[in-house]
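As you go down the protein sequences, you meet chains X and C in turn. If you count the first sequence from 1, position 69 lands on 69 in our numbering, and the numbers rise without skipping. Counting from 1 along the second sequence, just add 1000 to a position and that's the residue number in our numbering.
Treat the hints with caution; some may be incorrect.
To be verified - Quick look at which bits of chain X chain C covers, simulated, 3 or more residues with Cβ under 8 angstroms:
no., stretch
1, 3-14
2, 19-30
3, 50-61
4, 93-101
5, 106-115
6, 218-231
What the hints contain is simulated information worked out from the structure, not anything from laboratory work. For every residue, glycine included, the Cβ atom is placed at its ideal position computed from N, Cα and C.
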Amino acid sequence: MSADFAAARSIIRRGAWVTGLALAGLAGVYVMALQYTPIEARQGLAQKIFYIHAPAAWSALLSFSLVGLAGGLYLLLKDPRVDRFAACSAEVGVAFSAVMLTTGPIWGKPIWGTWWTWDSRLTLTLFLFLLFVGYLVLRAALHDREERARFSAVVGIMGLVLVPFIHLSVYLFRTLHPRPILMKPSAPSMPPEMLRTLLTSFGIATLLFIGFVTMRYGIALAHDLAEAHADD
Amino acid sequence: MTETPANGGYMVAAYIVAAVIYLGYTLTLWLRARRALKG
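Bound conformation, chain C alone:
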């Protein structure tokens, strides 16, 4: 029986990267929305 690999760091990195991209894109939309509605 093989041991389960210890690779949790990769999972944490992937979850952080995904959150940063989603939140970053949301922020750009929010900033652009504010600018568009001001204009």
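Chain X with its partners taken away, still in its complex shape:
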């Protein structure tokens, strides 16, 4: 038992280190975006919102994809560790989505002239966010561990199905949202300074995702151990 608690402590500590490193990296991305990248002529300084919005969207979709994959794995293996990981990834995904869904409209107002429009990309993204908020509420409402893991695995898989639609929505439907600049079949189309900053910001957002999920997993493990100890 104490060895398991020591493992949880060690996981939290490692997660905290990675998170700290990623937050320092995020500060570096802010400096790069403000000082190093040129100002886009047509969009002005508002274009620089892109360096925090797009990486947050990437990490959010990564988190939610992993929840769905972990959900599928849980239904096959019935391993509580996979379910625990899915729950942690969902919560982290909601945090990244909050950044994506707030910075997007702040960019939209000066560029599109409106904070929000009900087009396919924005609507599907909001729906995905609400789906995973529902996922977290569902988990909090169910007390039977196995039932909770099974039901939430199904919701997670439903979220995973939405992810490719969100990525492809800019090609499939008429939308105001810009098409991908990095994740597209042809080469990225932007000046090298912008590309370097964007790639760095994607790397930092991924590192932040790893740090957050690791920390959250350690907390969930400690919580589960305490619960099991109380049941004995």
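Place chain C on chain X using the hints.
Below, chain C alone, put in the same frame as chain X:
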């Protein structure tokens, strides 16, 4: 030739909002970690 729009305020607002969410979430994790390890 069109002039570059002056919309820096939106950029500052977005950067602050993102920092607040990331730091706020980190703080909740830190507080929960402390509580979980104390228990």
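Do the hints match the structure? See the list:
no.: 1; hint: 3-14; verdict: holds (count 4)
no.: 2; hint: 19-30; verdict: holds (count 4)
no.: 3; hint: 50-61; verdict: holds (count 3)
no.: 4; hint: 93-101; verdict: holds (count 3)
no.: 5; hint: 106-115; verdict: holds (count 4)
no.: 6; hint: 218-231; verdict: holds (count 5)
The structure fails none of the hints (numbered hints given earlier).
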